[in-house]
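Sequence lines, in order, name chains G and A. Counting in this note's numbering, the first sequence runs from 0 upward without gaps. Counting in this note's numbering, the second sequence runs from 1337 upward without gaps.
Keep in mind that the hints were calculated from the coordinates and are not lab data. Check before you lean on any hint, since a few could be wrong.
[To be verified] Derived pair list, reagent style SDA-like, types lysine to any residue, alpha-carbon separation capped at 25 Å:
hint : chain 1 : residue 1 : chain 2 : residue 2
1    : A       : Lys1374   : G       : Ser224
2    : A       : Lys1465   : A       : Leu1481
3    : A       : Lys1465   : G       : Ile13
4    : A       : Lys1486   : G       : Met89
5    : A       : Lys1465   : A       : Leu1504
6    : A       : Lys1393   : G       : Ser94
7    : A       : Lys1374   : A       : Phe1386
[What the hints assert, rightly or not] One side only, chain A facing chain G, incomplete, derived with CB under 10 Å:
hint : residue
8    : Cys1384
9    : Leu1387
10   : Lys1422
11   : Leu1437
[What the hints assert, rightly or not] Computed list of chain A residues with no C-beta within reach of chain G, every gap over 10 Å:
hint : residue
12   : Leu1343
13   : Ser1354
14   : Leu1356
15   : Gly1392
16   : Lys1393
17   : Ile1394
18   : Gly1398
19   : Ser1468
20   : Lys1486
21   : Thr1495
22   : Ala1501
23   : Ala1503
24   : Glu1507
25   : Thr1523
26   : Gly1531
27   : Ser1538
Owing to the predicted nature of the structure, the values given are computational and were not obtained by experimental measurement. Cβ coordinates follow ideal geometry from the N, Cα and C atoms, glycine included.
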Amino acid sequence: MNQLTVFNLLVLVIRRDLLLAMRRRADVMTILVFFILVVSLFPLGVGPEMDMLRKMAPGVLWVAALLASMLSLGRLFSADYLDGTLEQMMLAPQSLSMLVLGKMIAHWVVSGLPLVLMAPVLGLQFDMSGQALLVLMLGLLLGTPILSMLGAIGAALTLGLRGGGVLLSLLVLPLCIPVLIFGSGAVEAVASGLSVVSNLSLIAALLVLCLVFTPWVTAQALRISME
Amino acid sequence: MLEVSNLACSRGDHRLFSGLNLALLPGQIMQVRGENGKGKTSLLRTLCGFLSPDAGKISWCGEDVRELNELYFANLLYLGHHNAIKDELSALENLQITAGLAGIVLDEMTAVSALRRMGLKGRERLPTKVLSQGQRRRVALARLLVGDAKLWVLDEPLTALDVAAVALIQELLAEHLRKQGMVIFTTHQPLIIEGVEMRHLSLV
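Start from the sequences, fold in the hints, and give me the full structure.
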């Protein structure tokens, strides 16, 4: 029998989660529709004052993305926990952190990437300039994986708790504040003609930091939750 | 071989067992007995490292499993109360994925023949949500047919199985023991394996 390498295992977990997401398409659509609805409510509620909308746009889009990504976090580990797959993952002959990383990547593809792709379309409602839309997308592209990774820690910690969903948001949302600040800051910077490099680099730095630490932390949290 | 010395385990404030010793040599099978709530499942889960014991040591081939970690897991096959089966996936996909998580590359031919031997002919490609409880258990138990894990830890493997499937499991256990495998399991049903002495561990 061939043994799987770490990389094979990572690919296996990502493919499995994507396959499952394809079979439960409604779950994926809920997140996207939620994002679209929340963002679209603002122009309707605030009224058609272009200046005001342009100013609000980055914050609104980022907050909506943040909330939308919270929606799916509860399911990240709970389904696997309930049907025993998580037990089997812990017994994998490779490190649990790698499997967790695989789940994070799959979660981002399913719930983060659609938001990144949808954001510029929604940004048009706020009369954002082309350049601002591009920076918004770049920021989301770097920032949404961070939301998935920080969220995974919360999901692992609240695994098996009743009412874990609310607790999860309370745990994770404060941790996401830096991403929110730098992300919307970058769009505001480009709108006022400043350089966006500093903001985007800070998000990228956070992303690298999360990539290194969050899989390990999540794996430890999962082990605690399994007891 | 698996050695357990002086193991103590508790859930909450309740002490389940303490001072537990056991040794399992290649070719041996051990049934853990005890009433409901006496810690059978907890013992098996402790052996797999899901629970950390209050005291005592579990060693595999003379080395502490806490230090071996992945090296130990490569030799271990655990089937618990939960089947680790996804409703949305077919029996074939489920088997390939659970085997993959255990580090085994499983081609379709092998997986299909394993499922057929478990009596699931013609059901390989159906989503498991349309299968019966017993059939789903069979999908999970098909794991026993693939891979070369030395130590099988089976928690109530016979639940929901019919007479024919129980006979098949007996056959599989006998085969595994002949190949110098080790089995530790719990069941409330009588299980006899011909030509093998069944060892018992009673939790009181």
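Going through the hints against the structure:
no.: 1; hint: A:Lys1374 <-> G:Ser224; result: 22 Å, holds
no.: 2; hint: A:Lys1465 <-> A:Leu1481; result: 22 Å, holds
no.: 3; hint: A:Lys1465 <-> G:Ile13; result: 22 Å, holds
no.: 4; hint: A:Lys1486 <-> G:Met89; result: 18 Å, holds
no.: 5; hint: A:Lys1465 <-> A:Leu1504; result: 23 Å, holds
no.: 6; hint: A:Lys1393 <-> G:Ser94; result: 22 Å, holds
no.: 7; hint: A:Lys1374 <-> A:Phe1386; result: 18 Å, holds
no.: 8; hint: Cys1384; result: 6 Å, holds
no.: 9; hint: Leu1387; result: 6 Å, holds
no.: 10; hint: Lys1422; result: 6 Å, holds
no.: 11; hint: Leu1437; result: 5 Å, holds
no.: 12; hint: Leu1343; result: 16 Å, holds
no.: 13; hint: Ser1354; result: 18 Å, holds
no.: 14; hint: Leu1356; result: 19 Å, holds
no.: 15; hint: Gly1392; result: 16 Å, holds
no.: 16; hint: Lys1393; result: 18 Å, holds
no.: 17; hint: Ile1394; result: 14 Å, holds
no.: 18; hint: Gly1398; result: 19 Å, holds
no.: 19; hint: Ser1468; result: 16 Å, holds
no.: 20; hint: Lys1486; result: 13 Å, holds
no.: 21; hint: Thr1495; result: 13 Å, holds
no.: 22; hint: Ala1501; result: 19 Å, holds
no.: 23; hint: Ala1503; result: 25 Å, holds
no.: 24; hint: Glu1507; result: 21 Å, holds
no.: 25; hint: Thr1523; result: 18 Å, holds
no.: 26; hint: Gly1531; result: 27 Å, holds
no.: 27; hint: Ser1538; result: 25 Å, holds
The structure agrees with every numbered hint stated previously.
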